[in-house]
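Chains as they are written, first to last, in this note's numbering: chain W, 1 to 316; chain C, 317 to 523.
No wet-lab data here; the hints were simulated from the structure.
Check each hint, because a few of them may be wrong.
[Claimed, not checked] Okay, derived cross-link-like pairs now, DSS-like style, lysine-lysine, Cα gap no bigger than 30 Å in a straight line: (1) C:K505 x C:K520; (2) W:K280 x C:K505; (3) W:K207 x W:K274; (4) W:K280 x W:K213; (5) W:K274 x C:K479; (6) W:K274 x W:K213; (7) C:K479 x C:K520; (8) W:K207 x W:K280; (9) W:K274 x C:K520.
[Unchecked claim] Among the chain C residues that face chain W by a calculated CB cut under 7 Å, a handful are: (10) S333; (11) P478; (12) V485; (13) P486; (14) M487; (15) L488.
C-beta atoms are modelled at their ideal positions from N, C-alpha and C, and glycine is treated no differently.
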Amino acid sequence: MTLLHDVGLQRLFGGLIILLVVATVVGRLIERRTHDERAMATVRNLNARINAWWVMSVVFALAVVVGPIGSVVLFALLSFLALREFITLVPTRPSDHGALLWSFFLITPLQYLLVAVHWYGLFTILIPVYAFLFLALRIAISGDTTHFLERASAIQWALMICVYSLSYAPALLGLSIRGHGTPGPTLLLFLVIVVQGSDVLQYIFGKLFGRRKIAPHVSPSKTLEGFVGGVAAATILGALLWWATPFTFWQAGLQALLIALTGFGGGLVMSAVKRDRGVKDFGNIIAGHGGILDRVDSLTFAAPIFFHVTRFFFGG
Amino acid sequence: MMASVLAAVAQVVAGSSVRWLGSVPTDGQRVFIANHSSHFDFIVLWSYLPSHLRRLTRPVAARDYWERDAIRRYLAASVFNAVLIDRVAAPGSAAGQLGRQAVDQMAGALDGRHSLILFPEGTRGPGDDLAPFRSGLYHLCHNRPDLDVIPVYLENLNRILPKGHLLPVPMLSRITFGAPFRLQPAEEKDAFLERARQAVRALKEAA
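With these hints in hand, go ahead and build the complete structure from the sequences.
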């Protein structure tokens, strides 16, 4: 029960609860004062998002409280569901059935098993080396060469984004930092709070001040004002959390900036995937947010970069 | 109990989003007709009906498949309450007798309060397009002219469990229920069957 002993974790979760209470109260007040039909739709979506944040925060807190295994299992499930949403959208053929069974039921659990036992040397190459080559071979063995390259690439891409990249988040639990041992859950919590905070802040700044579209062809809802305001605010948020992390104030700020920027990149790339496949959301599992992949899109980019940058500069 | 468990499992595996376009789930008598590309088709369609309708809705299925072993016999008889029809003629029987018998069985099921699930293509296809519909649907509607037919389009189930595979890949699917229609007075058999087929196919593109 790490939560009972770790004062930093208690404060982070305490802050999160206060933030959610404030957001919930403000959301209800706005809903009571809104009478315009079109504005009402936005407010309802906002409140649906806040409600979903409660659920997601409780699930995440429970996973962290249970200990490292809780986080690994939670992210393994998220990967499985994200992979399901991704594969649904890509043009696989019946002859890919074997390769897909391998991806869902063997490669995904194996990746998280390696993360759980902190086998750095293998979890960093399982999917980019072994699964990459094996899946291409498995699809070739099926004997169906129609759109071979598209099918093989799509399945490999799905695994890289939904499983490999996402698994770097719980992998932070095994990262040892020079002079700090293995700070474990605080690193994970720092990453998740900053990346999700950055998403929310970009959304709020975009709704309040957004005028110039930043990528009209890829993601019409993203604005320059939302990007700059959200990234700046997330950087300040991360810097202010330095006391819970192994970083100094300025280091925490720089890490948060990196997380916010890479997270934005993840959101943009996943929007491009959705545009390409002609959908608005990856799913409808979380009310107001869409699918799992719509919620963790920024994390898929931020997690591996944050992991390797931290390991390179602070690893011990 | 068994039915609820099975329905819950089917819902997890298929992860369907369900849309009712132009019809609502009521307990009026109707026949659901759907495209057929996977062994999962009818279990999934059935499991996504509201539970009180599930008890009132009987799938029409092939006797030779569902009576092959004890488990399937149990499921067909006790869980799905399937209407089992013969596909293989007894030696020496007259041509067309099988079809008449099947229509009689379906009409018999409709004498109660039950609705039916029917796959008018007769057999599973590859999933890219619908095969022509068999004539049983026409004869059934001819027998029961006030029967509502509800077209249903099942999307992605052929990718979850394609023909010839044992293990399902848990992809997301979609079930679309369309607007009810009936056999028009004096409507020709082929015209009606083609209209029914187009009604199912149109749901694929429906926004």
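Taking the hints in turn, this is what the structure says about them:
At most 30 Å may separate the alpha-carbon atoms for a hinted pair to count; C:K505 and C:K520 meet this at roughly 24 Å. Proposed proximity of W:K280 and C:K505 is contradicted: the alpha carbons are some 41 Å apart, above 30 Å. Taken as a hint, the W:K207 and W:K274 pair is honoured in the structure, with Cα atoms around 22 Å apart against an allowance of 30 Å. Restraint check for W:K280 and W:K213: the C-alpha separation of about 18 Å stays at or below 30 Å, so the hint holds.
Restraint check: the Cα-Cα separation between W:K274 and C:K479 comes to about 29 Å, which is no more than 30 Å; the hinted pair holds. Distance restraint check for W:K274 and W:K213: the Cα-Cα separation of roughly 18 Å lies within the 30 Å cut-off, and the hinted pair is therefore satisfied. Among the hinted pairs, C:K479 with C:K520 is consistent with the structure: their alpha-carbon atoms are about 20 Å apart, no more than 30 Å. Of the pairs offered as hints, the one joining W:K207 and W:K280 holds, with about 19 Å between alpha carbons and a cut-off of 30 Å not exceeded.
Using a Cα cut-off of 30 Å, the hinted pair W:K274 and C:K520 holds, with the two alpha carbons roughly 19 Å apart. For the restraint placing C:S333 at the interface with chain W, the shortest Cβ-Cβ distance is roughly 6 Å, inside the 7 Å limit, so the hint holds. A hinted interface residue such as C:P478 counts as satisfied when its beta carbon comes closer than 7 Å to some beta carbon of chain W; here the least separation is about 4 Å, so the hint holds. The criterion of a C-beta within 7 Å of any C-beta in chain W is met by C:V485, whose closest approach is roughly 4 Å, and the hint holds.
Annotation: C:P486 was flagged as interfacial toward chain W, and the flag holds, the nearest CB pair being 5 Å apart, inside 7 Å. A least Cβ separation of about 5 Å between C:M487 and chain W falls short of the 7 Å threshold, and the interface hint therefore holds. Given the 7 Å rule on beta carbons, the hint for C:L488 holds: about 4 Å separates it from the nearest Cβ of chain W.
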